[in-house]
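Colleague: So you can see what is in the structure, the chains are spelled out below.
2 protein chains.
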Amino acid sequence: MARHDYPATGAWSVGQPVGNRQFANFPSDRPFALDGGKHLHDVTIAYETWGSLNSDATNAILLCHAWTGDSHVAGPARDGHPTPGWWEGIIGPGLAIDTNKWFVVCSNVIGGCQGSTGPASPHPEDGKPYGSRFPVITVRDMVRAQVRLSDMLGIARWHSIVGGSMGGMQVLEWAVTFPDRVKTIIPVATCAQSTAQQIAWGAIGRRAIALDPKWRGGEYYEAEIGDGPWQGLSIARSIAQVTFRSDNVFTERFGRELADTDADYNGLGLWDRFEVEGYLDHHGDRLIRRFDANSYLIIGKAMDLHDIARGRGTLESAIKRIAAKTLIIGISSDILYPSYQQKQIHQMLTQQGTESTYVEIDSPHGHDAFLINLDQVGAPIRSFLEESFNE
Amino acid sequence: MARHDYPATGAWSVGQPVGNRQFANFPSDRPFALDGGKHLHDVTIAYETWGSLNSDATNAILLCHAWTGDSHVAGPARDGHPTPGWWEGIIGPGLAIDTNKWFVVCSNVIGGCQGSTGPASPHPEDGKPYGSRFPVITVRDMVRAQVRLSDMLGIARWHSIVGGSMGGMQVLEWAVTFPDRVKTIIPVATCAQSTAQQIAWGAIGRRAIALDPKWRGGEYYEAEIGDGPWQGLSIARSIAQVTFRSDNVFTERFGRELADTDADYNGLGLWDRFEVEGYLDHHGDRLIRRFDANSYLIIGKAMDLHDIARGRGTLESAIKRIAAKTLIIGISSDILYPSYQQKQIHQMLTQQGTESTYVEIDSPHGHDAFLINLDQVGAPIRSFLEESFNE
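Chains as they are written, first to last, in this note's numbering: chain A, 17 to 407; chain B, 17 to 407.
Keep in mind that the hints were calculated from the coordinates and are not lab data.
Treat the hints loosely; a few may be bogus.
Same chains, same names: a pair is fine if it fits in one copy or spans any two.
In silico SDA-like links for lysine to any residue, alpha-carbon gap of 20 Å or less [unchecked claim]:
| id | residue 1 | residue 2 |
| --- | --- | --- |
| 1 | K144 | T60 |
| 2 | K230 | D243 |
| 3 | K230 | E240 |
| 4 | K336 | A325 |
| 5 | K144 | Y237 |
| 6 | K230 | L286 |
Pulled out of the complex, with its shape left as it was, chain A reads as follows (with noise of 0.2 Å):
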């Protein structure tokens, strides 16, 4: 039998304050609006906030966090926070975004699990659980929350809008939708549109969450601690995970080599595993004990409906409503956003006279590189935010 026995704890977070984790609350009668046609009551958004803003706002830096990101940019897994801030070392006093300099905030989307409004959040109706309940949401509703955030912390415009991945997408709709309230962006490791092979991993994964009987349909909050649907979440989580890196770095890492077995063939199951199963397993482990499924089923369909020129006409005529001066960061090595999708929206904007330059990160790390190649993204982003503050 397959080997998984899932770990009896795993919770995630709702609503409850952690570390330096704020709460938004938008205001009960104005319900929230999302572009599937239905609304929102009473929706929280956490965020969390490094350096100071200055006397005329005009030093905020708005970062977006990818899939199963959250609001805790910087600092250590304490205070209740499941991880070490994603971008550690790019963020803080005398790093690449100076948080001497720059007030620097960011907030977990709408959907997410991580004290903003999600689907294991209650439903104002009846105080359970959204569940099945949870409508579908696009990046741009995770964008019109962030707005909402940005009016309530008093920042009419945003010196910079950051991330990568999802992360990115959100940037590039603000830069869209709400061009007159973001100054410069730098989307990192991502797409203008979804194409048909990410929508195709992003689906098959929420396929192997609703394949898990212990999803129940997505009403699983009420089911014993550790009864959750694991297994199939792992299972999403280990086919994004290879997505994530690349084939030269998981040969150079884990090679052939047996994790369950010695190095003979003899007497090897159908289950015994290989070093590089472990990791997936482990990567997989690691997610379920921090996150919730239905947020990754929501966040993930919103990464695959993600598409800047919906309604806009041609991607181009979406593009020309960008008027940020712009910083695109592409990786070499990506499978999952190749760099051919930031050089596009680059040689657009620059057709288009928009001011952009375009980096590209040279590492063998696949897309995760953002993560992990902290001086490649981390130069290029000091240098573009400080030319950009003066002009």
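Once you've looked at the hints, dock chain B against the given chain A.
Modeller: Chain B in isolation, oriented as in the chain A frame:
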């Protein structure tokens, strides 16, 4: 909920003579020893032949099939064959592998579900399907079964052994393990050793099958027809299907079209699909109608275990055993078996003084191009076979 109502029918054939399919039954008193240390008894290998063996048995070509292939290389989907020939257009009178000249043989691999002994076959002890009792096999085991078949057919030395993907793995194992028994080889879109990334994809698919409650630990043969692990198998197939194709072709063919609703996102649900999802579901549905999930598991594991260097020191020393003149075919857009893997084999052969030619198929179709771009695949095969006949 996920929209996958699986067919009420769904069967695989075991030991039923269909069309030109014949059966080789290994003698009961000679158990078949496997790399994993176990033995199989009363093994049957299903095979088909085309053309006539000449008097000195020098015109025989062995074709090796891929993961979900079978012995039916050419011919229509009738007489019980679930699919048309997998290399229809390559094999036949006047075609690249001309059956007016060559005696062509293809056998269903051991572990398969189209006539050869596999998990759905009756266990000699109790007559019930092996199910989870079926042992792990390797590509080398598949080849050893083909060697026994060769003996029974009176073929001491094949003029050529040809195959793509897992077929190519068998081709290489033949040439390394039995160098005296093969004059030339044509491995297509394949590798000498499975890489960590290839193993990862295989392993994730296995986990999806095991997650399906209807897999029942492999003991589903007595369940009602239509109550097997179709959803898990369909998900596993979807993962493979994405790796078999390419980003570009998916974009061109499916774009971002929605399949289940109109282009508007208004009212869109979590399980409404894009066109590419419909395509993946279609391929999954086709596979579950014709293929046994336990065979999929066993054969997939064999591919992950594939390593021509196992027990032979280095890869170089394994390749040094190859005496056969070689035509290696790679595919420019193959993301699953990238062409660097075929070039590596070609370079090692050349360095060691074994005559080798490398041809790259220029195609956007990815790994499956060897089943699609038949003109490009057929032309070098035809010349190579004809030139080598009189050598």
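Colleague: Next, verify each hint and record whether it holds.
Modeller: Structure-based check of each hint:
no.: 1; hint: K144 - T60; in the structure: within (16 Å within a copy, 58 Å between copies)
no.: 2; hint: K230 - D243; in the structure: both (7 Å within a copy, 19 Å between copies)
no.: 3; hint: K230 - E240; in the structure: within (10 Å within a copy, 23 Å between copies)
no.: 4; hint: K336 - A325; in the structure: within (10 Å within a copy, 56 Å between copies)
no.: 5; hint: K144 - Y237; in the structure: within (9 Å within a copy, 41 Å between copies)
no.: 6; hint: K230 - L286; in the structure: between (24 Å within a copy, 18 Å between copies)
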